[in-house]
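Quick note, the sequences are listed as chains A and B, same order.
Note that my numbering has the first sequence beginning at 40, numbered continuously upward.
Note that my numbering has the second sequence beginning at 147, numbered continuously upward.
A portion of the hints provided could be inaccurate.
[To be verified] SDA-like mimics (lysine to any residue), calculated; alpha carbons at most 25 Å apart, straight line: (1) K102/A / I237/B; (2) K204/B / P152/A; (3) K219/B / P141/A; (4) K251/B / F87/A; (5) K251/B / S157/B; (6) K219/B / D122/A; (7) K251/B / K102/A; (8) K251/B / C162/A; (9) K251/B / D122/A; (10) K204/B / D71/A; (11) K151/A / L249/B; (12) K219/B / E147/A; (13) K204/B / L76/A; (14) K204/B / T63/A; (15) K219/B / F263/B; (16) K204/B / D122/A; (17) K102/A / K204/B; (18) K204/B / Y117/A; (19) K102/A / T148/B; (20) K204/B / C153/A; (21) K151/A / Q139/A; (22) K166/A / H245/B; (23) K151/A / Q194/B; (24) K251/B / D146/A; (25) K102/A / R77/A; (26) K166/A / Q236/B; (27) K151/A / L76/A; (28) K251/B / Q139/A.
FYI, nobody ran anything at the bench for these hints, they're computed from the structure.
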Amino acid sequence: MTANPPKTDDLGAWTERVLPTSLTEIRGTERDVLMRLRELAYDDDHLFAVRLALEEALVNAMKHGNHSDPTRSVRVSYRISPDRVEIRVVDEGPGFDPSQVPDPTADENLDKPCGRGIMLMRCYMDKVEFSPRGNEVFMVKCR
Amino acid sequence: MTEAGDILHISQRDGVTLVRLRAGAVRTEAEVEALGRGLLSVAEVPGQRVVLSFLGVKHLTSLVLGQLVQVQKHLAESGGEIRLADIAPQIHEAFTITHLDRLFKIYEREDEALAAFAEDAEA
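All chains, please: the whole structure from these sequences, using the hints.
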């Protein structure tokens with residue numbers, strides 16, 4: 040079940056990439072997304088936000104979703120129009136419940152090394168939705 | 147293997163360790179690990195006072211924030227501290243969002259951070 044099934048509309052076709060579980064594989068996708076954003080003259084704040092959220096989603100999928108298992112893959116899909124960016128990341132892990140992730144800003148968690156990725160995604164993107172299973176995230180950034 | 151020296155430039159200024167990031171972004175797992183190794187090696191000296199300059203850094207992720215938190219925790223155990231400087235506004239916002247601006251003292255420029263350590267030592 041998907042968090043938000045892709046539809047055909049004026050946003051155009053989805054670009055889909057299947058990445059092996061390796062953080063070095065993130066750069067190619069990141070480069071392509073940033074190139075398209077620049078072609079459409081998105082400003083630096085949008086570039087920073089989308090890049091950060093994309094990277095956090097892919098890192099989460101590889102490290103926490105696929106548990107860094109190199110035999111598993113991550114599927115990333117994106118489509119970019121002049122006024123909207125949509126990104127979908129799916130891992131092959133068992134999923135998780137985002138509501139159970141501790142608040143990283145709570146005093147007792149402030150000095151913990153993990154747990155900030157989802158918060159950053161939610162703050163920098165306009166919409167962040169997880170599938171019921173939790174192994175898929177759908178994000179939107181509007182211009 | 148990415149070495150800490152590929153990521154960090156480390157020098158001494160009046161008893162404070164000044165660390166500058168060489169790269170405009172620390173992204174790959176190897177780079178993040180090298181950053182962590184380099185900073186933790188600096189933090190091995192008990193009571194070490196460290197200024198980390200982000201001059202030229204345009205992007206980071208929560209992995210880097212996590213490494214900084216670990217280093218701060220390690221330093222605090224021996225009475226040391228890491229202070230941050232030269233952080234671009236967009237990156238500063240990430241520290242604010244995550245409330246890490248409560249964990250770290252953040253200065254506009256590295257010389258201000260160095261001066262603040264000197265003032266604290268005199269007080």
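So, going through the hints one by one against the coordinates:
| no. | hint | in the structure |
| --- | --- | --- |
| 1 | K102/A / I237/B | 23 Å, holds |
| 2 | K204/B / P152/A | 21 Å, holds |
| 3 | K219/B / P141/A | 19 Å, holds |
| 4 | K251/B / F87/A | 23 Å, holds |
| 5 | K251/B / S157/B | 20 Å, holds |
| 6 | K219/B / D122/A | 42 Å, violated |
| 7 | K251/B / K102/A | 30 Å, violated |
| 8 | K251/B / C162/A | 22 Å, holds |
| 9 | K251/B / D122/A | 37 Å, violated |
| 10 | K204/B / D71/A | 18 Å, holds |
| 11 | K151/A / L249/B | 11 Å, holds |
| 12 | K219/B / E147/A | 13 Å, holds |
| 13 | K204/B / L76/A | 17 Å, holds |
| 14 | K204/B / T63/A | 19 Å, holds |
| 15 | K219/B / F263/B | 18 Å, holds |
| 16 | K204/B / D122/A | 24 Å, holds |
| 17 | K102/A / K204/B | 24 Å, holds |
| 18 | K204/B / Y117/A | 23 Å, holds |
| 19 | K102/A / T148/B | 20 Å, holds |
| 20 | K204/B / C153/A | 21 Å, holds |
| 21 | K151/A / Q139/A | 16 Å, holds |
| 22 | K166/A / H245/B | 21 Å, holds |
| 23 | K151/A / Q194/B | 21 Å, holds |
| 24 | K251/B / D146/A | 16 Å, holds |
| 25 | K102/A / R77/A | 29 Å, violated |
| 26 | K166/A / Q236/B | 19 Å, holds |
| 27 | K151/A / L76/A | 34 Å, violated |
| 28 | K251/B / Q139/A | 30 Å, violated |
Figure legend: structure checked against the earlier numbered hints; hints not met, in rising order: 6, 7, 9, 25, 27 and 28.
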